[in-house]
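There are 4 protein chains.
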Amino acid sequence: MIVQASAVLEYEFAGPTQVMLEIQAATSPDQIVTSEVLNLPDVPWRIDVAATGRRRLRGVVCGRVSFAYTATVDNRERRLLPPSGRLEAWSDLPEDVLPYLLPSRFCPSDAFIRFANRTFGDAGDGVAQVMAVMDWLARHVDYVPGSSMAQTDAEHTFTLRAGVCRDFTHLAISLCRALNIPARAVSAYALDLQPPDFHAVTEVFVGGAWWLVDPTRLAPVEGMVRIAEGRDAADIAFLTSDQPCTMISQAVTVMRQAET
Amino acid sequence: MIVQASAVLEYEFAGPTQVMLEIQAATSPDQIVTSEVLNLPDVPWRIDVAATGRRRLRGVVCGRVSFAYTATVDNRERRLLPPSGRLEAWSDLPEDVLPYLLPSRFCPSDAFIRFANRTFGDAGDGVAQVMAVMDWLARHVDYVPGSSMAQTDAEHTFTLRAGVCRDFTHLAISLCRALNIPARAVSAYALDLQPPDFHAVTEVFVGGAWWLVDPTRLAPVEGMVRIAEGRDAADIAFLTSDQPCTMISQAVTVMRQAET
Amino acid sequence: MIVQASAVLEYEFAGPTQVMLEIQAATSPDQIVTSEVLNLPDVPWRIDVAATGRRRLRGVVCGRVSFAYTATVDNRERRLLPPSGRLEAWSDLPEDVLPYLLPSRFCPSDAFIRFANRTFGDAGDGVAQVMAVMDWLARHVDYVPGSSMAQTDAEHTFTLRAGVCRDFTHLAISLCRALNIPARAVSAYALDLQPPDFHAVTEVFVGGAWWLVDPTRLAPVEGMVRIAEGRDAADIAFLTSDQPCTMISQAVTVMRQAET
Amino acid sequence: MIVQASAVLEYEFAGPTQVMLEIQAATSPDQIVTSEVLNLPDVPWRIDVAATGRRRLRGVVCGRVSFAYTATVDNRERRLLPPSGRLEAWSDLPEDVLPYLLPSRFCPSDAFIRFANRTFGDAGDGVAQVMAVMDWLARHVDYVPGSSMAQTDAEHTFTLRAGVCRDFTHLAISLCRALNIPARAVSAYALDLQPPDFHAVTEVFVGGAWWLVDPTRLAPVEGMVRIAEGRDAADIAFLTSDQPCTMISQAVTVMRQAET
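Residue numbers (the working numbering), protein chains in the order written: chain A, 22 to 281; chain B, 22 to 281; chain C, 22 to 281; chain D, 22 to 281.
Only chain A is shown next, with the shape it has when bound in the complex (with noise of 0.2 Å):
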């Protein structure tokens, strides 16, 4: 798929504040950035590129600043989570991979061991158990806006039995690490969400690598433009600050283009 995706926002900053921006497109082999354009007010931006792919800018903005970015990502090369896949031993995992199997801020994954392993721990090989967990998200979860908010934890979730995207992809992510599946947040740019706005999803490693899966279902894999991952929703805020900011607005689209 050919996707289009763009960011607007407008904060107002009361005096000299540190920012980090993550609002870029990753650039992957299954995922091609073909064309951005990136407006930041005209400061110093320093730019990380990971090697995920992620990109992070760093600057000093002050007042009313616009951010703005559009781009054209090519995601034709995207592969699904296959049918099956093995669940790796501990030793046969990358050492990268490591810090997704253990606990982080929204994801108290110790907690959930024996619920986890109860519930879903004969379902079968890797790709059967998150399998398993996101038809269990979609059955006993409700995607309720309002709901949560930014200090929410999954256990939280587990017990109301409602979230929004972030809540789900935290329940996923506890859910998967107490299976032993290593797993972590990605924010993205999504096709069909109502109201438009960032998405939050999840990654999952089986069978050797990782794929891209959507707890709350709301939005196709396959037009998921990734923008960095991490532990939980902690790791990849679209905008942090070291001081307290207004948002005065901000619009994301993102459109299917058609293949010529």
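Just so you know, not all the hints are guaranteed correct.
Some chain A residues flagged as far from chain C (calculated, every beta-carbon gap over 12 Å) [unchecked claim]: (1) 34; (2) 48; (3) 58; (4) 68; (5) 78; (6) 86; (7) 89; (8) 109; (9) 143; (10) 149; (11) 161; (12) 173; (13) 213; (14) 238; (15) 266.
Restraint ranges, calculated between C-beta atoms of paired labels, are given here [as the list claims (entries may be wrong)]: (16) C:239 x A:89: 54 to 62 Å; (17) D:159 x A:103: 53 to 61 Å; (18) C:35 x D:271: 37 to 45 Å; (19) A:145 x D:95: 50 to 58 Å; (20) D:159 x A:104: 52 to 60 Å; (21) C:29 x A:65: 28 to 36 Å; (22) B:139 x A:145: 23 to 31 Å; (23) B:161 x A:103: 47 to 55 Å; (24) C:35 x B:170: 34 to 42 Å; (25) D:271 x B:98: 51 to 59 Å; (26) B:104 x C:166: 50 to 58 Å; (27) C:166 x A:85: 19 to 27 Å; (28) A:89 x C:29: 41 to 49 Å.
Because the hints were derived from the structure by calculation, they are not lab data. Using N, Cα and C, we set each Cβ at its ideal position, and we do this for glycine too.
The hints should help you fit chains B, C and D onto chain A, whose structure is shown.
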């Protein structure tokens, strides 16, 4: 059943310390205290008897102190949860029952509404819903000494799927309240506990009356000797003190007595 | 002071819904309701009056519904927290005051014992300790609308150092209970609130009586119209319902009336 | 300082169990491992060495198992936190330092921003702020064995004002991150601990480098032998296993060795 219950508590108090003790069997028509001996330090004690038969002792103690209590209790009039009983309309509940519909320290029942109604809402009348909650606990939560601590609430137990008697009771109460069934915590002397200790069980209000149930299924309700009731464990501690103190030893014994 | 208080609540209930309403001014010697008008949907209402003067309405409503209340209240006998007053020994507390020494849903006072005693323990008598707690809150916690949510407890407010009236009250209550001062939450109509809304304040028991204090310092105690009291916000909601419902509009007005 | 550190761990594993071990001294210019002996069960072990010198062992074990390690470590090049050092601008931080600015499982630093900046924000440069945090911890938090459990986070320690080494470290990290100072958790062998055990300390990034500090002030930094670093205790366990296991015995010894 006729039951003999006793407790001998030895504590060390570094200085003059205010204490509240709730170790006496409650007196009620379904639990007749036929004899009792209370052995307390020789200081003034204030005794309050609640409408429920709950008895609370208040005093000031110091140094190495022993509290001893023995009672013979006739529970032959105790009635067990009947096979059916209506879920009461709010308007029909006695006013003093209403607090037991609301969330409390360890029972954040407001967070369980979605789960409880989806899981138990169609189980039938009030008693059937209570039974469904108890069955669910028996199937999904393990009794694991050491798995929780004094600050553990029902949300954490729900995630963990493990706990001790107070955790079972807190989760049972939370689920019942989320179903509109008034529920409260009861401290008790109970037969068959290994090792013997104070027990925490649940009372539910259905069909116009309070009924004892033991969510752990460890002890028979017929032989249970109620001590105190409250919203949760915060209200029914056998010993509350306004200064830290050290437990030296604690022995609880409960025996069935032959009926002559 | 003579105060006129009114509330008009409009709600939408999808189906027959049980509700409890606590919107009427409590009746007590220091708060005389000289006239009141209650406009409720035309269904049976059960009214309970507690020993404290608290009035609770229970009924079943459906569809678009309006609850309206207006009262004129004479608070001229209200006495304010005196300059001194003893911290009561446990043995001297009336029995119905004891629950307000214990931790509750949003006030885990057991966790604050070390901090409270170290910070306020030497402030003087009971009133002096209460005043020290209120001064501390005014200096260390900011009133920030939107900084908390319905599930926020006093521990989180203590860390965050920000909250709204119910958070201030929960933290004040937790600190007082940790100091052995009975404390409870009170819902009220209050002058000077911007925007006007129901207010949550605190009552402390020192020198043998309950005294109203406003930890936010936003409203004068002389003009406060008490509605209900309880262990914390879980007990004093102006509207509790057994089904989700939608607020359409809500208007609270409180005015001082000239004394003739 | 030259230090000899050793650990002997005996565990019982009911069945084949995947484990990760982090018990070896890290190798780095300020911590030279001059000799070491590792005695592990005779199964294949995968060893990873991180850029920081951290060494992680992965294997599968079963039954009664002993892990033993002894090392002699030369810390004479260790430099201590200097009297001054700048708080780095975000743009000047190495990319691999950024994760240590963000909240993690036990360090919800986002909740401490208001308190930390108000209390330590004016303390001076980066080092001065770190010292102010450490002084505050020494004055306000008590070292109390048994006061916390494995799930305790920095918010609860902040309320409780008591904890053990991991709690001190989690609170120190949370406060530093809230001040924009990157901070991480370090497991270590430490002199002078009573009883001897693995220790948890803190590293802060100021003036362009990481510096070890011990928020408990129980052990000298000169003799500290770093094992592993991570966002918090979730990342630096000396033993992680995918099945429950039973500790049989555990002995840690750390001794200063005469320099010849």
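Comparing the hints with the structure gives:
Listed as outside the interface, residue 34 of chain A is consistent with that label: its C-beta sits roughly 18 Å from the nearest C-beta of chain C, beyond the 12 Å cut-off. Non-interface status of residue 48 of chain A relative to chain C is upheld: no Cβ of that chain comes within 12 Å, the nearest being about 37 Å off. The Cβ of residue 58 of chain A lies farther than 12 Å from every Cβ of chain C, with a closest approach of about 34 Å, so its non-interface assignment holds. With a closest Cβ-Cβ approach of about 34 Å to chain C, residue 68 of chain A is found to remain outside the 12 Å limit, as its non-interface label requires.
At the 12 Å boundary, the C-beta of residue 78 of chain A stays outside the reach of chain C, the nearest C-beta of that chain being 28 Å off. Once the 12 Å rule is applied to beta carbons, residue 86 of chain A is consistent with being away from chain C; the minimum gap is 22 Å. Remark: the non-interface label on residue 89 of chain A is consistent with the geometry, its nearest Cβ contact in chain C lying 27 Å away (cut-off 12 Å). The Cβ of residue 109 of chain A sits about 37 Å from the closest Cβ of chain C, beyond the 12 Å cut-off, so the non-interface label holds.
Every CB of chain C is more than 12 Å from the CB of residue 143 of chain A (nearest about 35 Å), matching its label as outside the interface. Distance check for residue 149 of chain A against chain C: the nearest CB is about 35 Å away, which clears 12 Å, and the non-interface claim stands. Chain C leaves residue 161 of chain A outside its interface by the beta-carbon criterion, the shortest separation being 18 Å against a cut-off of 12 Å. Distance check for residue 173 of chain A against chain C: the nearest CB is about 9 Å away, which does not clear 12 Å, and the non-interface claim fails.
In this structure residue 213 of chain A is separated from chain C by more than 12 Å, as the shortest Cβ-Cβ distance comes to about 27 Å. With a closest Cβ-Cβ approach of about 23 Å to chain C, residue 238 of chain A is found to remain outside the 12 Å limit, as its non-interface label requires. The beta carbon of residue 266 of chain A sits about 14 Å from the closest Cβ of chain C, which is more than 12 Å, so the claim that it is off the interface holds. Checked against the given bound of 54 to 62 Å, the beta carbons of residue 239 of chain C and residue 89 of chain A, roughly 41 Å apart, lie outside it.
Residue 159 of chain D and residue 103 of chain A have their C-beta atoms about 55 Å apart, which keeps the hinted 53 to 61 Å range intact. The given range of 37 to 45 Å is broken by residue 35 of chain C and residue 271 of chain D, whose C-beta atoms sit roughly 59 Å from each other. The supplied range of 50 to 58 Å is met by residue 145 of chain A and residue 95 of chain D, whose beta-carbon atoms lie about 52 Å from each other. A hinted range of 52 to 60 Å for the beta carbons of residue 159 of chain D and residue 104 of chain A is consistent with their spacing of about 58 Å.
In this structure, residue 29 of chain C and residue 65 of chain A break the distance hint of 28 to 36 Å, their C-beta atoms being roughly 56 Å apart. For residue 139 of chain B paired with residue 145 of chain A, a C-beta distance near 26 Å keeps the hint of 23 to 31 Å intact. Distance hint check: the CB atoms of residue 161 of chain B and residue 103 of chain A are about 32 Å apart, inconsistent with the given range 47 to 55 Å. The hinted window of 34 to 42 Å between residue 35 of chain C and residue 170 of chain B holds, with their beta carbons roughly 41 Å apart.
Separated by about 54 Å at the C-beta atoms, residue 271 of chain D and residue 98 of chain B satisfy the suggested range of 51 to 59 Å. A hinted range of 50 to 58 Å for the beta carbons of residue 104 of chain B and residue 166 of chain C is consistent with their spacing of about 52 Å. As the Cβ distance of residue 166 of chain C to residue 85 of chain A is approximately 23 Å, the hint placing it in 19 to 27 Å holds. The given range of 41 to 49 Å is respected by residue 89 of chain A and residue 29 of chain C, whose C-beta atoms sit roughly 45 Å from each other.
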